[in-house]
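Trainee: Let's have the full structure, built from the sequences with the hints guiding it.
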Amino acid sequence: MSSFDIQRPIVELPDQNPDPEFSDEELVWTDAEEEKIEAWKEQYPEDQAAIMKVLWLAQEKFGYLPPEVIKFCGETLDMSFSQAYGVATFYHQYYKEEKGTYVLDVCTCFSCQVCGGYDILHYLEEKLGVHAGETTDDGMFTVQEAECLGSCGSAPMMEITNGVYVHNLTPEKIDDLIESLRAGEVPSFTSMTLPQDEEELGGNRRTDVESTEAYQTQPRAEHMD
Amino acid sequence: MDANGSPQSPAGDWRSYERMLLPPIQDLHKLDVYTKHGGYDRLRRVLEDDDVAPDDITNEVKASGLTGRGGAGFPTGVKWTFMPEPDDRPRFLGVNGDESEPGTFKDRQVMEYNPHLMFEGILLAGYAMHIDTAYVYTRGEYTDWIALMAEQLENAYEAGYVGENILGSDFSMDIVLHKGAGAYICGEETSLMESLEGKRGYPRYKPPFPAQKGIFSCPTTINNVETLAHVPLIVQEGGDAYSTIGAEDMPGAALYGMSGHVKQPGVYEYPTGMLLSDLIYDVCGGMARGEDLKAVVPGGSSVPPIRADQIDGLSMNDESLGEVGSRTGTFCPLVLDEETDMVSFTRRVAHFYQDETCGQCTPCREGTGWLENILARIDEGEGRMRDIDLILELCDNMDGGRTICAFADGAVGPIRAAVKRFRDEFEAKCEASVYPVSTDVSAGPDSAVAATE
Numbered sequence: 002m003s004s005f006d007i008q009r010p011i012v013e014l015p016d017q018n019p020d021p022e023f024s025d026e027e028l029v030w031t032d033a034e035e036e037k038i039e040a041w042k043e044q045y046p047e048d049q050a051a052i053m054k055v056l057w058l059a060q061e062k063f064g065y066l067p068p069e070v071i072k073f074c075g076e077t078l079d080m081s082f083s084q085a086y087g088v089a090t091f092y093h094q095y096y097k098e099e100k101g102t103y104v105l106d107v108c109t110c111f112s113c114q115v116c117g118g119y120d121i122l123h124y125l126e127e128k129l130g131v132h133a134g135e136t137t138d139d140g141m142f143t144v145q146e147a148e149c150l151g152s153c154g155s156a157p158m159m160e161i162t163n164g165v166y167v168h169n170l171t172p173e174k175i176d177d178l179i180e181s182l183r184a185g186e187v188p189s190f191t192s193m194t195l196p197q198d199e200e201e202l203g204g205n206r207r208t209d210v211e212s213t214e215a216y217q218t219q220p221r222a223e224h225m226d
Numbered sequence: 006m007d008a009n010g011s012p013q014s015p016a017g018d019w020r021s022y023e024r025m026l027l028p029p030i031q032d033l034h035k036l037d038v039y040t041k042h043g044g045y046d047r048l049r050r051v052l053e054d055d056d057v058a059p060d061d062i063t064n065e066v067k068a069s070g071l072t073g074r075g076g077a078g079f080p081t082g083v084k085w086t087f088m089p090e091p092d093d094r095p096r097f098l099g100v101n102g103d104e105s106e107p108g109t110f111k112d113r114q115v116m117e118y119n120p121h122l123m124f125e126g127i128l129l130a131g132y133a134m135h136i137d138t139a140y141v142y143t144r145g146e147y148t149d150w151i152a153l154m155a156e157q158l159e160n161a162y163e164a165g166y167v168g169e170n171i172l173g174s175d176f177s178m179d180i181v182l183h184k185g186a187g188a189y190i191c192g193e194e195t196s197l198m199e200s201l202e203g204k205r206g207y208p209r210y211k212p213p214f215p216a217q218k219g220i221f222s223c224p225t226t227i228n229n230v231e232t233l234a235h236v237p238l239i240v241q242e243g244g245d246a247y248s249t250i251g252a253e254d255m256p257g258a259a260l261y262g263m264s265g266h267v268k269q270p271g272v273y274e275y276p277t278g279m280l281l282s283d284l285i286y287d288v289c290g291g292m293a294r295g296e297d298l299k300a301v302v303p304g305g306s307s308v309p310p311i312r313a314d315q316i317d318g319l320s321m322n323d324e325s326l327g328e329v330g331s332r333t334g335t336f337c338p339l340v341l342d343e344e345t346d347m348v349s350f351t352r353r354v355a356h357f358y359q360d361e362t363c364g365q366c367t368p369c370r371e372g373t374g375w376l377e378n379i380l381a382r383i384d385e386g387e388g389r390m391r392d393i394d395l396i397l398e399l400c401d402n403m404d405g406g407r408t409i410c411a412f413a414d415g416a417v418g419p420i421r422a423a424v425k426r427f428r429d430e431f432e433a434k435c436e437a438s439v440y441p442v443s444t445d446v447s448a449g450p451d452s453a454v455a456a457t458e
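So the protein lines, in turn, are chains H and Y. Going by the working numbering, the first sequence opens with residue 2, and the numbers climb by one from there. Going by the working numbering, the second sequence opens with residue 6, and the numbers climb by one from there.
What the hints contain is simulated information worked out from the structure, not anything from laboratory work. Don't take each hint at face value.
Listed next, with one range per pair, are the computed distances between beta-carbon atoms [stated by the list, open to error]:
{"id": "1", "chain 1": "H", "residue 1": "Thr171", "chain 2": "Y", "residue 2": "Ala152", "range": "21 to 29 Å"}
{"id": "2", "chain 1": "H", "residue 1": "Glu39", "chain 2": "Y", "residue 2": "Asp394", "range": "53 to 61 Å"}
{"id": "3", "chain 1": "H", "residue 1": "Glu43", "chain 2": "Y", "residue 2": "Ala164", "range": "15 to 23 Å"}
{"id": "4", "chain 1": "H", "residue 1": "Ser212", "chain 2": "Y", "residue 2": "Arg428", "range": "26 to 34 Å"}
{"id": "5", "chain 1": "Y", "residue 1": "Lys41", "chain 2": "H", "residue 2": "Phe82", "range": "32 to 40 Å"}
{"id": "6", "chain 1": "H", "residue 1": "Gly140", "chain 2": "Y", "residue 2": "Arg94", "range": "47 to 55 Å"}
{"id": "7", "chain 1": "Y", "residue 1": "Leu397", "chain 2": "H", "residue 2": "Asp139", "range": "22 to 30 Å"}
{"id": "8", "chain 1": "Y", "residue 1": "Pro213", "chain 2": "H", "residue 2": "Lys97", "range": "29 to 37 Å"}
Even for Gly, the Cβ is constructed at its ideal location relative to N, Cα and C.
Mentor: Structural data, given as structure tokens:
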């Protein structure tokens, strides 16, 4: 029997109705948060449109979005659970289960693939002892395979926990990155310079960023020769 | 090639081109620097001059021949004329900054390096179409850039360029930033509208078109970030003058996002109609790893790849790329060298579409999965020779209006072209199969390619 039979293998699905992680006492907005939500409602003709912003806020607050949090977000905007759940499950970036402290989204989409995206992913998997989609035992890192993150000129690259981009990845850069993340230091925003600025502006055009990098192509990994 | 560039290039004398979208000015993203260099002057002129009617802006944009830079390449001015006459309903502008077409990374540079040009373009478009509110829908991954835009937007509000009675006129308009959460399909205009309304990003049937029934069932126009950044330039230069820049069929400046196996990748600004050979060998300094060119994907994942032996004389405009059955798409060419395994590449393309299909229409939801499974089987050396034709047959059953939106067409185009143009590579992998299958009568006469020749 081939492992690539057209019939999909039956996989074990995660528990869709786990015991609630957060109690009713925890599921409340602070005054500052409510103020924000009210302002968001003002931005749209209908309150429901603010659900994406409310889900982002909840994810920041609770770390991830178990069903009771999604229900809570829906109630905030007078939406049914099914409506809110439908939105939360449609988008990749809303975490439906608990993740590590740092979520490492390695881009492996084809622009990164042809520049060694999978080499970086596999290096990271080996280094942290997990497969893509899993979290390390210490709860520190979740490694994920991501679709195009929109920085193809600096391939391979990754995003850390829906935030900062790390460009032009090499195994050495991964080593340094993991070390600094373990020490609690998240890299700062890096501005990618435009090649045409090199001549006309002497490189970077922004004086308000500390870290800049140029788009570059990584040399072919040795084992690929 | 002579010193002034290739004479046959539709981009003309591109070597002496001066950048307009991202001019070489330090800190242009800051409001004070932007206004010092003539920023918002075009908006001020339009609002203060009683002789400039909203329709005049639309006519200038129409005259400029500007086409959408988000991938579909529809004429922008024509799109604007679809908006109905103002009535009591609110009117919206959706600014598409979802930029999730794989291989595309140029809108982000506008957001980071010249956000006020985009805001000014939004306001001019808003004035032309009597818009009340513009929603800038940016992909959720661009957290840092959204924060930067939010800061600059606040400055623009404080300075009176956005909001109530802009620059003392009776024109009022709001700009709202909306953060997505990682869904490729939300770059499709009707899906973007659903997402903005706080629903799953399922594309809608067209018609009704957004101009009739868009966001919250109100008249809506959706434009790409870069497209709107062109508008102040058109108002400044005049539509007719702007239409002389670059290729005739899609004039203007363009941001080329070069990636893949070139020496110097990155985002470059040149006129449209650059020769692919100029872009690869001149602008980007040639191939990075000393290998020969194998293929070019000229504008994002949804456009068919071009073989190296086809690129001679091809330029970055739809007329030229159409000759080899491809399109400019998002103007972001991905360059592949001889070492690239086209089967693995196509498999990854299929995986992307399988992952990102919204699941509404059966041909797309099921078809993308089957395509990926078949391509994976071939890639892993377990393919049958008839799988190659099975892929093509599957493709024929997915595109051509069988689904609500053009996602399936986008998925099928590159896969079909890759299989046809690099068929020998697919056959080579199937020949090595551990499951050799000879002619299968049940699959019909088309598959009569014996696997064990």
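Trainee: The structure should be examined with respect to each hint, and the outcome stated for every one.
Mentor: Tested hints:
1. Here the CB-CB span from H:Thr171 to Y:Ala152 is close to 28 Å, well matched to the stated 21 to 29 Å.
2. Separated by about 59 Å at the C-beta atoms, H:Glu39 and Y:Asp394 satisfy the suggested range of 53 to 61 Å.
3. In this structure the supplied range 15 to 23 Å holds for H:Glu43 paired with Y:Ala164, their Cβ-Cβ distance being about 21 Å.
4. Take H:Ser212 and Y:Arg428: their Cβ atoms lie about 46 Å apart, and the range 26 to 34 Å is violated.
5. Distance hint for Y:Lys41 and H:Phe82: a CB-CB separation of about 52 Å, inconsistent with the stated range 32 to 40 Å.
6. Roughly 51 Å separates the CB atoms of H:Gly140 and Y:Arg94, a value that falls within the hinted 47 to 55 Å.
7. Between Y:Leu397 and H:Asp139 the beta carbons are some 49 Å apart, a value that contradicts the proposed interval 22 to 30 Å.
8. Checked against the hint of 29 to 37 Å, the pair Y:Pro213 and H:Lys97 passes, with Cβ atoms roughly 34 Å apart.
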